[in-house]
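Chains A and B are the protein sequences, given in the same order.
Quick note: the first sequence uses numbering that gives the first Met the number 0, first residue 0, plus one each step.
Quick note: the second sequence uses numbering that gives the first Met the number 0, first residue 0, plus one each step.
Don't read these hints as lab results, they were simulated from the structure.
Please note: incorrect hints may appear among the correct ones.
To spell it out: a stretch of chain B is covered by chain A in this simulated footprint if at least three of its residues, at any positions, have a beta carbon under 8 Å from a beta carbon of chain A; those stretches are [stated by the list, open to error]: (1) 53 to 62; (2) 225 to 239; (3) 282 to 291.
Residues from chain B that face chain A, not an exhaustive set, calculated with beta carbons under 7 Å [what the hints assert, rightly or not]: (4) Y3; (5) F69; (6) E72; (7) N102; (8) D164; (9) Q171; (10) V173; (11) R175; (12) T178; (13) S251.
Beta carbons are placed, not taken as given, at the ideal position from N, Cα and C, and that holds for glycine.
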Amino acid sequence: MKSRAARKRMMPLRSWLLAVMALLLLPLGGCGFVDIDKRFFVVAVAIDKSGSEQKPYRITLRLSIPNSKIEPGMEKSQVETIEAAEISEGVRRIKALLDKELDLGHCKMFVLGKKLSHDDISDAVDWMVRRRDIQGSAYVAMAGSQGYDILQKMPLSERYSGNSLFLTFGGDGTRSSYIRTEHLFDLQRRRTEKGMDPYLPVIRTTGNGYEVDRLALLDKTKVRTILTPEETQLFNQLDQQYVNSIIKTKLDGHPIILTATDISSRYTVSSNGILKMKVNIAGAIEEAPNNVFNQDWGELQKMFERDLEKDAMALFQKIQKAGVDPFGFGLRYRATHLSSRAYQEWLEMYPRLKFEIQAKVKIQGTGLIK
Amino acid sequence: MNRYFYYSFVMVAMLNLMLYVPAVLLENRLNGAVSSLIVALVIGTLLAYASTSALSKFPGLGLPEILRLFLPEWLVKTLLPVYAFMWFFASSFALIGFTLLMNRVLTPDQPAWNLYLILGLLCVYGATRSALTILYLLEITMLLVAPLVLLILFKGVRSPDLSWDAIYTIAQYVNRFPTLSSVGAGTFIFTGYINMAIFNRVNPPNFRLKGRWIIPATGTLILLATFFLPIGFHGTMGVERYLYVWTQTADSMTMRYGFIERVVFVFLFLYLGLSLMYAITGWNQSMEFILSVSKKYKFKVDYSIAPAANWWVCGSFFVLSFVGLLFLNERIDFEIAEVWLIVRMFLEAATVLFLIVVSWRRKKPI
Numbered sequence: 000m001k002s003r004a005a006r007k008r009m010m011p012l013r014s015w016l017l018a019v020m021a022l023l024l025l026p027l028g029g030c031g032f033v034d035i036d037k038r039f040f041v042v043a044v045a046i047d048k049s050g051s052e053q054k055p056y057r058i059t060l061r062l063s064i065p066n067s068k069i070e071p072g073m074e075k076s077q078v079e080t081i082e083a084a085e086i087s088e089g090v091r092r093i094k095a096l097l098d099k100e101l102d103l104g105h106c107k108m109f110v111l112g113k114k115l116s117h118d119d120i121s122d123a124v125d126w127m128v129r130r131r132d133i134q135g136s137a138y139v140a141m142a143g144s145q146g147y148d149i150l151q152k153m154p155l156s157e158r159y160s161g162n163s164l165f166l167t168f169g170g171d172g173t174r175s176s177y178i179r180t181e182h183l184f185d186l187q188r189r190r191t192e193k194g195m196d197p198y199l200p201v202i203r204t205t206g207n208g209y210e211v212d213r214l215a216l217l218d219k220t221k222v223r224t225i226l227t228p229e230e231t232q233l234f235n236q237l238d239q240q241y242v243n244s245i246i247k248t249k250l251d252g253h254p255i256i257l258t259a260t261d262i263s264s265r266y267t268v269s270s271n272g273i274l275k276m277k278v279n280i281a282g283a284i285e286e287a288p289n290n291v292f293n294q295d296w297g298e299l300q301k302m303f304e305r306d307l308e309k310d311a312m313a314l315f316q317k318i319q320k321a322g323v324d325p326f327g328f329g330l331r332y333r334a335t336h337l338s339s340r341a342y343q344e345w346l347e348m349y350p351r352l353k354f355e356i357q358a359k360v361k362i363q364g365t366g367l368i369k
Numbered sequence: 000m001n002r003y004f005y006y007s008f009v010m011v012a013m014l015n016l017m018l019y020v021p022a023v024l025l026e027n028r029l030n031g032a033v034s035s036l037i038v039a040l041v042i043g044t045l046l047a048y049a050s051t052s053a054l055s056k057f058p059g060l061g062l063p064e065i066l067r068l069f070l071p072e073w074l075v076k077t078l079l080p081v082y083a084f085m086w087f088f089a090s091s092f093a094l095i096g097f098t099l100l101m102n103r104v105l106t107p108d109q110p111a112w113n114l115y116l117i118l119g120l121l122c123v124y125g126a127t128r129s130a131l132t133i134l135y136l137l138e139i140t141m142l143l144v145a146p147l148v149l150l151i152l153f154k155g156v157r158s159p160d161l162s163w164d165a166i167y168t169i170a171q172y173v174n175r176f177p178t179l180s181s182v183g184a185g186t187f188i189f190t191g192y193i194n195m196a197i198f199n200r201v202n203p204p205n206f207r208l209k210g211r212w213i214i215p216a217t218g219t220l221i222l223l224a225t226f227f228l229p230i231g232f233h234g235t236m237g238v239e240r241y242l243y244v245w246t247q248t249a250d251s252m253t254m255r256y257g258f259i260e261r262v263v264f265v266f267l268f269l270y271l272g273l274s275l276m277y278a279i280t281g282w283n284q285s286m287e288f289i290l291s292v293s294k295k296y297k298f299k300v301d302y303s304i305a306p307a308a309n310w311w312v313c314g315s316f317f318v319l320s321f322v323g324l325l326f327l328n329e330r331i332d333f334e335i336a337e338v339w340l341i342v343r344m345f346l347e348a349a350t351v352l353f354l355i356v357v358s359w360r361r362k363k364p365i
């Protein structure tokens, strides 16, 4: 223990040090901070090809204008567009058109124009991933024509700016088996991964809003093929076991439709070039000709199975012909084959890969009527 | 005292996500990182067990006192500054690394030193406190932070976006020979035991550490999560393109019904707490090593007014690390970290070996 006198002598020293510390804090001005009412929140960004040589990019931002009333259709947005040589330059140039600071931190939707996606998406995606304030969990999609048109569209039901697109892809609002969401981090993963290729949902504008029911399949840089709505749904069923989706068959020219409530799909890729997939689907019949209840269910199940196998085979052959791998078959091959040459083997094998699909459909009921 | 040991252990194990450990491991993922994880698991557990057993033979004594018992005074006087530097470097480096990260992600409009002023001064204040205060602070921080960090890890494992195929693919590279830098990075997860070097002074005479199985259990879980979760989220190839891979991994998750949708902000604030706590304990112990160089120094478990010497030592730590910050950026940081993780492993192993030898001699009456 020090004597009280000694401690008293030390007190000035301590306060002196404290004073220096307090002085050091003075240069912290809080200069990095901008008030919320002096910010423009970007809700969606579209990147298009402009077609001109000097300024190849056309950047469009949809900015949310805060509104005191939250009512469907009352929402106001401001859309700004500019042509630029580089993406970041375009965003900076748009800042010059505005009176408030841009904030990309809340932007959850990125739309790539059709021309850009068919040309090369690398620069655009690299820019998004590199920027610190763009979320890894943002949604990325391809526009049916121009990304600018998608952002121009103001759907009637929107409660706040951009809400419609967020609900479409977020799975909070609509849950459609035709929609496949792509996140930015997943796009980046698929762009770099050996044995798995990227895809982008395609947004098109309709009278009241958007239509998202197709999927564009890309090789590492550009679109190779686009799946039809039926193929997109099948892709969701096989890859993500997406329930509340439908499968179809025909009985004497009448369509029968089954709503899947339970899907499981498993596949293995063997080194002799055969992919074996087992799909089990169980569900209830939603649409059928009269008196389907008294038909032979076993026979109906066989018909469903046959059609499902046929459709799946067609889908696999389509993506194989396009030379892309959105399922990640190659990655599965790498994961199950112990060799550093596995990827090389896979690349040689994929064009000749044979598919064997074994479907099993179980009818659980026929709904409320016979 | 039992739980304080585990707080310190879990703090360091969790903190590694933010430091350069995942980066070093992931860079070597195709040549030996997986086997290094296993080696690191064994070495780390052995070192932790050995050091805790050895220290239990010296209740109430810290590493400086144990050194004085067995080594000549001149050697003690040269060794203690080396240890002080070790602790100072580790914690300052972590704090600087975290400052740079916060600066990149949250406050890019300000210079990094601006942020470091606040964080560093907080740490100076924290580190000058008594050992008892710091242990209490450690408990409070860990009780607040650890459940949420575990929640985020759990969320990651359960996420449908996680690609298990990518994880299996990398796991197959287990047959590669382990590399030194990966082992160095892997053992860092277990290095929380080393804080006992000073905190052992607080241990009561008949102290026995219970539940040591927690060390390999949590160590394994956190080590596997550190390495494999980013691979599952960013793919076998894409994972190496990120500078701060764990920040990106947290940013890939969303909490749709949480208060804050972007997990990355929760994650950053949790790690702000962990980094500050780590720097505070590190600087405090480094300070104790320096003060212990004088043979007359008397350690006190608790005091109401921090001695002036504490302020001088911690103040100079702050100035030194501040100067360091001005010269560092992510590239240099990464290169230093790789070397540092290896050097640290050997220094720690040597210390533990010394403790083991002297604890055997202690059994015989002195």
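Consistency of the hints with the structure:
With a threshold of 8 Å between beta carbons, the proposed coverage of the stretch 53 to 62 of chain B by chain A is violated, since 0 of its residues qualify and at least three are required. Residue count for the stretch 225 to 239 of chain B with a Cβ under 8 Å from a Cβ of chain A: 6. That meets the three needed, and the coverage hint holds. Closer than 8 Å: that is the beta-carbon criterion, and the stretch 282 to 291 of chain B has 0 residues meeting it against chain A, so the requirement of 3 is violated. The interface hint given for Y3(B) is violated, since its Cβ lies 26 Å from the closest Cβ of chain A, which is over the 7 Å cut-off.
The beta carbon of F69(B) comes no nearer than 30 Å to any beta carbon in chain A, farther than 7 Å, and the hint placing it at the interface is violated. The restraint placing E72(B) at the interface with chain A is violated, with a minimum CB-CB distance near 25 Å, outside the 7 Å limit. Annotation: interface hint on N102(B) violated; nearest CB of chain A at approximately 10 Å, more than 7 Å. The interface hint given for D164(B) is met, as the beta carbon of that residue sits about 4 Å from the closest beta carbon of chain A, less than 7 Å.
Hint on Q171(B) holds. Least Cβ distance to chain A is approximately 6 Å, under the 7 Å limit. Hint status for V173(B): violated, given a least beta-carbon distance of 10 Å to chain A, over 7 Å. About 9 Å separates the beta-carbon of R175(B) from the nearest beta-carbon of chain A, more than 7 Å, and the hint is not met. Look at T178(B): its Cβ only gets to about 16 Å from chain A, farther than 7 Å, so that hint breaks.
Interface hint status for S251(B): upheld, as the beta-carbon distance to the closest one in chain A is roughly 4 Å, under 7 Å.
The structure fails hints 1, 3, 4, 5, 6, 7, 10, 11 and 12 (numbered hints given earlier, in ascending order).
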